[in-house]
Amino acid sequence: MSLRTIYEEKYKQLLIIPFGLLFVALILLGMNYSATGDFVNKGISLEGGTSFSLIQEGLTADEVESVLLYDGDMQARTLSGAGKTIGVVIEIDSVDSEIISAIEAQLRAAYNLGPNDITVETIGSSLGESFFQETMKAMLIAFAFMGIVVFLYFRTIVPSIAVILAAVSDIIITIAISNLIGIKLSTAGIAAFLMLIGYSVDSDILLTTKVLKTKVGTVNEKVYRAMKTGLMMSITTIVAVSIALIFTQSPIIKQIMLILLIGLGVDLIMTWLQNVGLLKWHLSRRKDA
Amino acid sequence: MKILKNFRVWLLIIFLFFAFISISPNGQEGVAIRGITPDSSADDAGIFSPSKNSRPLDYEVILSVNSVRVKNVNEYYAAVENLAANETISIRTDQTSYFLTVQPQVEIIQTNNTITREIEEIIQEEVNGSTINTTITSTITENETITNIIGIRDIGLSVSDAATSNIRKGLDLEGGVRVLLQPEEQVDQETMDRVKDGLEQRLNAFGLNDVVIRVSGDLSGNSFILVEIAGMQKDEVASIIGSQGKFEARINDSVVFRGGEDITYVCRSADCSGIDPYQGCQAYSEGTQCTFFFTIQLTPEAAQNHADITGKLALVPGQGGNSYLSSPLDLFLDGQLMNSLQIGASLRGRAETTIQISGAGAGISRDAAVLNALEEMKQLQAVLETGSLPVKLDVVKIDSLSPVLGREFLKNAFSTGILALVAVGGMIFIRYRTWKVAVPAVIASFCEVILLLGIASLFGTNIDLAAIAGIIIVVGTSVDHQIVIADELLGSSQKNAKLRIKDAFFIIMAAFFTTLVAMVPLWFAGAGILKGFALTTIYGVSIGVFITRPAYAAVVEILLRKE
Chain A
1 MSLRTIYEEK
11 YKQLLIIPFG
21 LLFVALILLG
31 MNYSATGDFV
41 NKGISLEGGT
51 SFSLIQEGLT
61 ADEVESVLLY
71 DGDMQARTLS
81 GAGKTIGVVI
91 EIDSVDSEII
101 SAIEAQLRAA
111 YNLGPNDITV
121 ETIGSSLGES
131 FFQETMKAML
141 IAFAFMGIVV
151 FLYFRTIVPS
161 IAVILAAVSD
171 IIITIAISNL
181 IGIKLSTAGI
191 AAFLMLIGYS
201 VDSDILLTTK
211 VLKTKVGTVN
221 EKVYRAMKTG
231 LMMSITTIVA
241 VSIALIFTQS
251 PIIKQIMLIL
261 LIGLGVDLIM
271 TWLQNVGLLK
281 WHLSRRKDA
Chain B
1 MKILKNFRVW
11 LLIIFLFFAF
21 ISISPNGQEG
31 VAIRGITPDS
41 SADDAGIFSP
51 SKNSRPLDYE
61 VILSVNSVRV
71 KNVNEYYAAV
81 ENLAANETIS
91 IRTDQTSYFL
101 TVQPQVEIIQ
111 TNNTITREIE
121 EIIQEEVNGS
131 TINTTITSTI
141 TENETITNII
151 GIRDIGLSVS
161 DAATSNIRKG
171 LDLEGGVRVL
181 LQPEEQVDQE
191 TMDRVKDGLE
201 QRLNAFGLND
211 VVIRVSGDLS
221 GNSFILVEIA
231 GMQKDEVASI
241 IGSQGKFEAR
251 INDSVVFRGG
261 EDITYVCRSA
271 DCSGIDPYQG
281 CQAYSEGTQC
291 TFFFTIQLTP
301 EAAQNHADIT
311 GKLALVPGQG
321 GNSYLSSPLD
331 LFLDGQLMNS
341 LQIGASLRGR
351 AETTIQISGA
361 GAGISRDAAV
371 LNALEEMKQL
381 QAVLETGSLP
391 VKLDVVKIDS
401 LSPVLGREFL
411 KNAFSTGILA
421 LVAVGGMIFI
431 RYRTWKVAVP
441 AVIASFCEVI
451 LLLGIASLFG
461 TNIDLAAIAG
471 IIIVVGTSVD
481 HQIVIADELL
491 GSSQKNAKLR
501 IKDAFFIIMA
511 AFFTTLVAMV
521 PLWFAGAGIL
531 KGFALTTIYG
541 VSIGVFITRP
551 AYAAVVEILL
561 RKE
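Chains as they are written, first to last, in our numbering: chain A, 1 to 289; chain B, 1 to 563.
Keep in mind that the hints are not guaranteed to be accurate.
Below, a list of computed lysine-lysine pairs in the PhoX-like style, where the Cα atoms sit at most 25 Å apart [said to hold, decoys possible]:
(1) K397/B to K2/B
(2) K12/A to K287/A
(3) K213/A to K411/B
(4) K213/A to K137/A
(5) K397/B to K254/A
(6) K5/B to K378/B
(7) K213/A to K397/B
(8) K228/A to K498/B
(9) K531/B to K184/A
(10) K213/A to K196/B
(11) K378/B to K215/A
(12) K228/A to K502/B
(13) K498/B to K215/A
(14) K12/A to K254/A
(15) K254/A to K411/B
(16) K502/B to K215/A
(17) K397/B to K411/B
(18) K495/B to K5/B
(19) K12/A to K228/A
(20) K495/B to K228/A
(21) K10/A to K228/A
(22) K502/B to K137/A
(23) K137/A to K411/B
(24) K502/B to K5/B
Sample of chain A residues at the chain B side, in silico, Cβ under 7 Å [as the list claims (entries may be wrong)]:
(25) A105
(26) N112
(27) L113
(28) N116
(29) D117
(30) I118
(31) E121
(32) I123
(33) A142
(34) Y153
(35) A191
(36) L194
(37) I205
(38) T209
(39) S250
It should be emphasised that the hints constitute simulated quantities derived from the structure, not laboratory data. The C-beta atom is built at its ideal place from N, Cα and C for all residues, glycine as well.
Build out the structure end to end from the sequences listed, making use of the hints.
Below is the structure:
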């Protein structure tokens, strides 16, 4: 049996792939939650950590950042007053006292600092405790709204659910993969997950329109026509994202692009296996009825 | 040249024109005046503090100091570095010229020499039941004091590099002020979180949305609150967050209502807030004082309280034949009497829910007084609306902090973006084998970014990390939709071009509406990053769907038709 016939005939069996992935992702997120109390691994901007303020004229943030050896999430900024740099603030995502003294020792050794030239403080999250709950609530409402719009557009329930399911699965699986490869999520990362909603919807709507609204050809032909456009859309985006990932020097943009890249990859599976499978299943049942 | 006859293309050109005007990029060099310290040399010279809603190019820009050109903050600080006390310096701005007299910093020391001088004293005596004041002159001996000039006082200008366009950069990109606050007494974690929420609400009510507030602690167990605010000047920050904001309205020491929980609504619109039209501004020898007013709505309980207390008061005749209640309504902020308001006779014993609050601001000129009065009003409104903080905070230090994203970030992001866009153009060219689809795609996406920045600068939206994420997603979906259009136009369908574009837009509109409704809850979720992202995305996809993508479809259709 050729790959093509498998894709065309065995779409119900192929649904195991996206749903299996979703299932595994949910288990991984659950494990992460029971281990850390959070679904995601939070970086400094979300979790807080320790801040070191160095007072020394003429230091630059980049320089200090390159001198420090630290594996985790780190951020450096310049302090200024009266038009001069007066010091640098470095923030790390750890509150471990050994790591803190190690960093302090590194800084003292590198810059010959006096006893009062460095202050160490713990810092909390930049977002309130309620932020994640609010975000979750807003996302749930967003998905409900999207479902309603898709339903109003196509006037059938199953395809609308399929579009929303594809977007939800895309985000959940991408979060699980990000956790696996050890991404420490910053506020920028949250923005990246929100961006996935937009990207994921584009290809799913294209597919649903082509399959439900065009009259020429069989269902498989319609799927292939949608795929020709849809794959082109995904490939151009993946190329653009990869270029940004390679050429940007900003760790924040890097994180956004990495999450997007994962999400776009997952979206291919969700659109062309999950959404196609559900659509075809729905159409075959309608034909039988 | 049929392209130029198409109205969709013209629509795009017109919008691009307005976007360009809104952004109004210029290469102006100088330093923008961001704030003035009250009673400083700059304040005395009549330089105004800019209003908070100023667009970046609206700030007054200093061009030269003592006829020496200053191009950036470093040159400015170099120019004002070695000033002498009582020296007059000239500052030329893009609007006018000012002459500032540098105020000396003095110290008063006591010497061991003693001097004698005569003073007058009034002594009160009770004689036969009545009080008699007697004035006597006595001679006292005291240590001599000498006033020394030990330096100069800061001339009181807060400056930043002048903006080169009206694009407002957020905290991530521009940096801002970082304030370290310490609670006056040690409080538990839960109270700290309430302080944090209260501060955030107050800053938002004050019109500052781009803030980051974090709880912090040092190694000896003291807790602090760290507040970062985009592009603010230091004095303003200190006055808005340094006060606990305990507001009480009292009559004869009984509290009528408090800020926060007793107030249901604070008016900010022109019809029930602003400079008081009846009191207006009064000029004095030292300057002008203006009275502001705004109305608030009380809860029914607080209104009843007002009725109970005023019901017991007597009436006294006032000026102009009006009667007033015997005791005024005293407004206290953090224990300090701020203003006493006469209560009209008609309000006695009434459960009035609408109350007018007033106060005053002063300045050396009428304009300055109006500005200060309105500023005071805004601070008071924010305090009344959000209530007091659970504990008083002391400002430990205020620093300027560079942005998280650094100076090179924007340049790097811009060049990376261009590179990615060119690559996308290349891919489209390879796929469709014609520049007629690829070149317009790159141009259309670029136009979309310009339009988006134009709208953001028009509405004063901060461009920060969340907004940049929004821009990326807008350009991304823009390319997606251009591919949908190209595929429809180049496809094998038998339909005419108009219908094909209609088919493409059926898909595009579905994606548009779905994205749009997904953004609405994120917008209302409140927290900064969600809101910024949602807002930019909504602007962007709307511009895309209604302006750039129809123009793209029209251009490609016309270009392909010629074959």
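The hints, checked one at a time:
The hinted pair formed by K397/B and K2/B fails the criterion: a straight-line CA distance of about 64 Å is larger than 25 Å. Distance check on the hinted pair: K12/A and K287/A sit about 16 Å apart at the alpha-carbon level, within 25 Å; holds. The hinted pair formed by K213/A and K411/B fails the criterion: a straight-line CA distance of about 45 Å is larger than 25 Å. In summary, the hint linking K213/A to K137/A is not supported, as the alpha carbons are separated by about 33 Å, beyond the 25 Å threshold.
With a CA separation close to 34 Å, the supplied pair K397/B and K254/A exceeds the 25 Å bound. With a C-alpha separation of about 51 Å, the suggested pair K5/B and K378/B falls outside the 25 Å cut-off, and the hint is violated. A C-alpha spacing of about 64 Å is found between K213/A and K397/B, which places the hinted pair above 25 Å, so the restraint is violated. Our distance criterion of 25 Å between C-alpha atoms is met by K228/A and K498/B, whose separation comes to about 22 Å.
Of the pairs offered as hints, the one joining K531/B and K184/A holds, with about 22 Å between alpha carbons and a cut-off of 25 Å not exceeded. Proximity of K213/A to K196/B is assessed by CA-CA distance (about 52 Å); at most 25 Å being required, the pair is judged violated. A hinted pair counts as satisfied when its Cα atoms are at most 25 Å apart, and K378/B with K215/A does not qualify at roughly 62 Å. Proximity of K228/A to K502/B is assessed by CA-CA distance (about 19 Å); at most 25 Å being required, the pair is judged to hold.
A threshold of 25 Å between alpha carbons decides the hint, and for K498/B with K215/A the separation of about 18 Å falls inside it, so the pair holds. Among the hinted pairs, K12/A with K254/A is inconsistent with the structure: their alpha-carbon atoms are about 37 Å apart, more than 25 Å. At roughly 15 Å between alpha-carbon atoms, K254/A and K411/B fall within 25 Å of each other, so this suggested pair holds. Annotation: proposed proximity of K502/B to K215/A holds, straight-line Cα distance about 15 Å (limit 25 Å).
Of the pairs offered as hints, the one joining K397/B and K411/B is violated, with about 32 Å between alpha carbons and a cut-off of 25 Å exceeded. Between K495/B and K5/B the CA atoms are separated by roughly 24 Å; this keeps the pair inside 25 Å, and the hint holds. A threshold of 25 Å between alpha carbons decides the hint, and for K12/A with K228/A the separation of about 22 Å falls inside it, so the pair holds. With a CA separation close to 19 Å, the supplied pair K495/B and K228/A stays within the 25 Å bound.
For the given pair, K10/A sits about 21 Å from K228/A by alpha-carbon distance, which is consistent with the 25 Å threshold. Between the alpha carbons of K502/B and K137/A the distance comes to roughly 36 Å, so the proposed pair goes past 25 Å and is violated. Distance hint between K137/A and K411/B is unfulfilled; the C-alpha atoms sit about 36 Å from each other, more than 25 Å. Straight-line distance between C-alpha atoms of K502/B and K5/B comes to about 20 Å, which keeps the hinted pair within the 25 Å bound.
Annotation: A105/A was flagged as interfacial toward chain B, and the flag is violated, the nearest CB pair being 15 Å apart, outside 7 Å. Here the hint on N112/A is broken, as its CB sits about 22 Å from the closest CB of chain B, past 7 Å. The criterion of a C-beta within 7 Å of any C-beta in chain B is not met by L113/A, whose closest approach is roughly 16 Å, and the hint is violated. This hint is violated: N116/A has a C-beta 13 Å from the nearest C-beta of chain B, more than the 7 Å allowed.
Because the beta carbon of D117/A sits about 15 Å from the nearest beta carbon in chain B, more than 7 Å, this interface hint is broken. Restraint check, I118/A versus chain B: the minimum CB separation of about 12 Å is more than 7 Å; hint violated. Evaluation of the E121/A hint against chain B yields a held restraint, the C-beta minimum of about 5 Å falling below 7 Å. Evaluation of the I123/A hint against chain B yields a held restraint, the C-beta minimum of about 5 Å falling below 7 Å.
Hint status for A142/A relative to chain B: holds, with the closest Cβ pair at about 4 Å, below 7 Å. A least Cβ separation of about 5 Å between Y153/A and chain B falls short of the 7 Å threshold, and the interface hint therefore holds. For A191/A, the interface hint holds, since its Cβ comes within 7 Å of a Cβ in chain B; the closest pair sits about 4 Å apart. Evaluation of the L194/A hint against chain B yields a held restraint, the C-beta minimum of about 6 Å falling below 7 Å.
With its C-beta approaching chain B no nearer than about 5 Å, I205/A sits inside the 7 Å limit, and its interface hint holds. With a least beta-carbon distance of about 5 Å to chain B, the hint placing T209/A at the interface is held under the 7 Å criterion. At about 5 Å, the closest approach between the beta carbon of S250/A and any beta carbon in chain B falls short of 7 Å, and the interface hint on this residue holds.
Consistency note: the structure conflicts with the earlier hints numbered 1, 3, 4, 5, 6, 7, 10, 11, 14, 17, 22, 23, 25, 26, 27, 28, 29 and 30.
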